[in-house]
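There are 2 protein chains.
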Amino acid sequence: MDNFSEKYTKEGLKKVIDALPLAISVIDKNRVVALANKSTTLFVNKDKIQLIGFVGGEAFGCIHHDDAPEGCGFGQECMRCKLRQTVLDTLENQVAHQMVETTMVFKDRGERHLRISTLPMTLDHDQVVLLSIEDVTQARLLEQTRLEKQKLTAAVETAGAVCHEINQPLMIILGMAEMLLDDPGTEDEGRLANLMQIKEQAERLGEITRKLMTLTEYKTKPYLKTDILDIDSAAGEDTPVDG
Amino acid sequence: MDNFSEKYTKEGLKKVIDALPLAISVIDKNRVVALANKSTTLFVNKDKIQLIGFVGGEAFGCIHHDDAPEGCGFGQECMRCKLRQTVLDTLENQVAHQMVETTMVFKDRGERHLRISTLPMTLDHDQVVLLSIEDVTQARLLEQTRLEKQKLTAAVETAGAVCHEINQPLMIILGMAEMLLDDPGTEDEGRLANLMQIKEQAERLGEITRKLMTLTEYKTKPYLKTDILDIDSAAGEDTPVDG
Chain A
1 MDNFSEKYTK
11 EGLKKVIDAL
21 PLAISVIDKN
31 RVVALANKST
41 TLFVNKDKIQ
51 LIGFVGGEAF
61 GCIHHDDAPE
71 GCGFGQECMR
81 CKLRQTVLDT
91 LENQVAHQMV
101 ETTMVFKDRG
111 ERHLRISTLP
121 MTLDHDQVVL
131 LSIEDVTQAR
141 LLEQTRLEKQ
151 KLTAAVETAG
161 AVCHEINQPL
171 MIILGMAEML
181 LDDPGTEDEG
191 RLANLMQIKE
201 QAERLGEITR
211 KLMTLTEYKT
221 KPYLKTDILD
231 IDSAAGEDTP
241 VDG
Chain B
1 MDNFSEKYTK
11 EGLKKVIDAL
21 PLAISVIDKN
31 RVVALANKST
41 TLFVNKDKIQ
51 LIGFVGGEAF
61 GCIHHDDAPE
71 GCGFGQECMR
81 CKLRQTVLDT
91 LENQVAHQMV
101 ETTMVFKDRG
111 ERHLRISTLP
121 MTLDHDQVVL
131 LSIEDVTQAR
141 LLEQTRLEKQ
151 KLTAAVETAG
161 AVCHEINQPL
171 MIILGMAEML
181 LDDPGTEDEG
191 RLANLMQIKE
201 QAERLGEITR
211 KLMTLTEYKT
221 KPYLKTDILD
231 IDSAAGEDTP
241 VDG
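For the protein sequence lines, the chains are A and B, in the order given. Quick note: the first sequence, position 123, residue 123 per the working numbering, numbers continuous. Quick note: the second sequence, position 139, residue 139 per the working numbering, numbers continuous.
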């Protein structure tokens with residue numbers, strides 16, 4: 001039919017499957033693991049002998065495997081399990097699924113983020129599911145860290161722009177207010193109090209811009225119907241930097 | 001040796017390899033493609049018959065395949081090609097590589113971002129390289145879009161916090177300045193001009209906060225040794241929103 005791999009023996013092909021950088025397994029119509037490559041054994045931290053021939057949840061070390069007296073796959077959590085749903089849907093409805101993301105808790109390894117793909121196949125007259133599992137826990141963490149860093153950068157760059165725009169008008173207001181207070185030309189207490197207010201509020205604005213120049217983490221707080229940066233939590237401790 | 005896949009025939013294993021959601025190929029010591037699964041043929045948009053037996057660059061449709069008169073792999077670009085380097089290093093030094101990211105230009109498909117893994121193997125007495133190629137172009141674009149969105153969110157949340165903090169002091173300054181201008185208690189032109197300056201600069205600050213409430217994209221400009229948000233480019237066109 002095709003010339004692919006005619007060159008290689010069955011042993012060779014087994015070696016190729018075993019060497020794949022993806023956890024590959026074949027699940028049969030009884031939800032039993034019929035084939036599992038080396039990446040799969042590494043992923044579930046088991047020997048092949050503990051994997052092949054066992055039902056899905058047990059083989060993969062799912063924490064909910066023995067939740068229900070009826071056996072693996074019948075617990076309450078199992079009904080919500082995306083890995084189970086995806087494999088069963090492929091088995092029953094002959095539908096392939098690509099890159100389904102889910103989170104599972106394993107006995108040995110705790111919570112992991114997985115990306116699974118399934119394909120219905122007929123293998124030597126059996127209806128089976130080809131299951132690929134990619135553990136993306138690490139990649140997700142990395143992406144999250146990168147995202148947080150970028151958000152802080154964006155906040156710092158926005159704060160920088162704000163300070164740049166605000167500083168000059170603020171300096172003028174403060175300078176004018178101080179000049180007028182030095183030589184107010186009036187002794188009216190109300191007017192003097194108003195001038196004092198201007199100066200004080202301008203100084204308050206100066207405080208805010210100084211705080212903005214010391215953002216060290218990205219933290220928000222709810223405000224009205226949205227979130228806003230929590231400047232007090234986000235700013236480094238009282239170490240104003242000269243803008 | 002292991003009980004894996006004893007159940008399945010060579011045809012079955014070939015089917016499994018063909019069904020993998022990853023472009024898998026075996027490259028022999030002459031850099032010739034000796035095995036390629038269906039994902040690989042889809043990836044390079046060729047039949048297996050155009051792939052197996054052909055040298056790497058030609059098989060994969062590399063745009064630089066016929067750059068040099070000496071043949072595929074000898075062009076100037078080839079020396080910089082990470083796919084070639086990685087495969088050759090695995091072949092010559094028996095070193096595995098995992099998740100190497102690179103960008104390649106293909107005849108049919110233009111520029112693609114790839115993530116490649118290689119593993120040295122002995123397959124039926126031949127020294128070969130197992131090569132896995134994942135096309136992450138789409139995933140990268142998605143991540144980039146997500147990142148840009150998060151940066152804009154961070155800028156909007158920072159701007160929101162700034163406006164929230166600035167508005168009250170600013171209103172007080174403006175109110176006091178207007179009160180003083182209505183009834184200045186002096187006819188000294190210098191003092192009046194100073195009061196006018198305070199009012200004008202407070203209005204300028206008000207303009208800045210209004211602009212900050214209309215950020216619609218994340219754009220920066222260089223400032224001193226860093227970047228700052230380019231408020232004028234980032235703000236929506238003159239459609240001030242009431243904070």
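These are calculated hints, taken from the structure and not from any lab test. Among these hints, one or two may not hold up.
Identical chains share a label here; the pair holds if one copy fits it or two copies do between them.
Stated by the list, open to error - Here are the simulated lysine-lysine pairs, BS3-like style, with alpha carbons at most 30 Å apart:
{"#": "1", "residue 1": "107", "residue 2": "199"}
{"#": "2", "residue 1": "46", "residue 2": "211"}
{"#": "3", "residue 1": "7", "residue 2": "149"}
{"#": "4", "residue 1": "15", "residue 2": "107"}
{"#": "5", "residue 1": "15", "residue 2": "48"}
{"#": "6", "residue 1": "82", "residue 2": "7"}
{"#": "7", "residue 1": "46", "residue 2": "7"}
{"#": "8", "residue 1": "225", "residue 2": "211"}
{"#": "9", "residue 1": "7", "residue 2": "107"}
{"#": "10", "residue 1": "219", "residue 2": "48"}
{"#": "11", "residue 1": "219", "residue 2": "82"}
{"#": "12", "residue 1": "149", "residue 2": "15"}
{"#": "13", "residue 1": "219", "residue 2": "38"}
{"#": "14", "residue 1": "48", "residue 2": "211"}
{"#": "15", "residue 1": "219", "residue 2": "7"}
Keep in mind that this is a model prediction, so the values were computed, not measured.
* Asked: What hints, given by number in increasing order, does this structure fail?
  -> The structure conflicts with hints 1, 2, 3, 10, 11, 12, 13, 14, 15, although it agrees with all the remaining ones.
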